[in-house]
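Chains A and S, in that order, give the protein sequences.
Counting along the first sequence from 1, when you hit position 41 you're at 41 in the numbering used here, and nothing is skipped either side.
Counting along the second sequence from 1, when you hit position 107 you're at 107 in the numbering used here, and nothing is skipped either side.
Check the hints yourself; a few may be wrong.
[Stated by the list, open to error] A partial selection of chain A residues facing chain S, derived with a Cβ cut-off under 10 Å:
| # | residue |
| --- | --- |
| 1 | D35 |
| 2 | F37 |
| 3 | V40 |
| 4 | P55 |
Bear in mind the hints are in silico, worked out from the structure with no lab data behind them.
Virtual Cβ for every residue (Gly too), placed ideally from N, Cα, C.
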Amino acid sequence: MEFKDQVIELIAEICQDEVVKENPDINLFDEALLDSFGTVELLVQIEERFGILVPITEFDRDTWNTPNQIAIQLADFR
Amino acid sequence: MIPYGSFTFFFILVILLAPTVILGLQGKRFQTYNMIITVIVLAIIFSSKPSSVIALILFTIWQVLLIEGYITYRKRANSGWVFSAAVIASILPLTIYKFLPYFTDTNWMAFLGISYLTFKGTQLIMETRDGLIKQTLPLAKLLYFILFFPTISSGPIDRYRRFDKDVKAARTGEEYKQLLYDGINKLFRGFLYKYIIGYSINHFFIANLRFIATSHFNNELYYMYGYSFYLFFDFAGYSAFAIGISYIMGIKSPENFNLPFISRNIKDFWNRWHMSLSFWFRDYVYMRFVFWMTKKKWIKSRNMTSNLGYLLLFLLMGFWHGLEIQYILYGLYHALLMIGYNTFEQFNKKHKWWPQTSFTRIVSIVITFHFVCFGFYIFSGHFIQKGV
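Working from the sequences, and respecting the hints, build out all of it.
Laid out in structure tokens, this is it:
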């Protein structure tokens, strides 16, 4: 599986909603799919699965807002 | 002189900011000039209370040494103990300020804005720990960030990396013109909110409650709604002034309010009310706590972790407002509301008991509004003053 798909798969798991895969441009915060708690879970999982450490304060809701955007940001971080 | 408190203050700002506006419209840089007027305006603000000048200077030296020292340390090592000590040291002046009145009559740590400036110091320590700030900060810029006069008394609480981007930004005359218009617009909204609506609520409604209300319960109820609206218009008005002046100075200070009284639930409310404060607590307290607990696996239950996080966040926020009982109760009340809402949200996700329609949306807003107003009633301490 490509890196991007792995990220989207992980986000779908955290949000417990398949809509994330159907529409990877959906705004996770506006649609209440992700909140502060979910964000932290996501960051912990990103570190465990991909070994990428993203500081909490780096996770800006304006730029890390959709599954696709998060995948792009993470790819930059690697 | 109290910032934004008198016509004189605005008059002084108009004169001092005229060169900024002229330079800005010509697409020239003006941050060095802005730093100079920051010193002048600070002198004007604090001149009425010379004792607080010493406190402010001591506080600033303490924070600067701490921040630069920690950044230097962090380049070669990263001990959790040193980090914890640095965080405690950065909130030490605020802690002294809060506790001193219980021990002595003269609070030598007191100066206008100490509660808000502390956030900036602590935030820099935390971002350094996270590896987001790697190089020692230029002294002038660090001081400008900490002491930026438009937001000195009550925020909004800015973030260093965001602030820094604005300081460095090279804007064309056209771009600055837009910023200037937005800034002026905000200033006028500030006048409307604080000096027309807020003032009227306080002067014509709250002050006359004993003639309007027919019973004690009535009186308290009217006070609750009156005070809630007064608090909003007064503080949102102040924030509009602070943000407006920031814009004119080329700094896009973050927003503080986004129509809080139409919040759909309590979580939504905290994304709309005093945002720069609640986001600070969210990012630097709640999320860090949850991250830590999840990684160390000290608490198995996800809900328990989240709920303890809320309790920690809102109790801290309560203590930050003050050590008086109404502030602690206010914190506790909001922690319980968040925990209650969280439980409901989990339940509703499974059972789909409360559907999403335009009707339930309105009902949610009405319910949230009343819970929020009751929170402000606690916050006001009005129920305690009655007994005295």
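Hint by hint, work out which the structure violates, then give me just those numbers in ascending order. none
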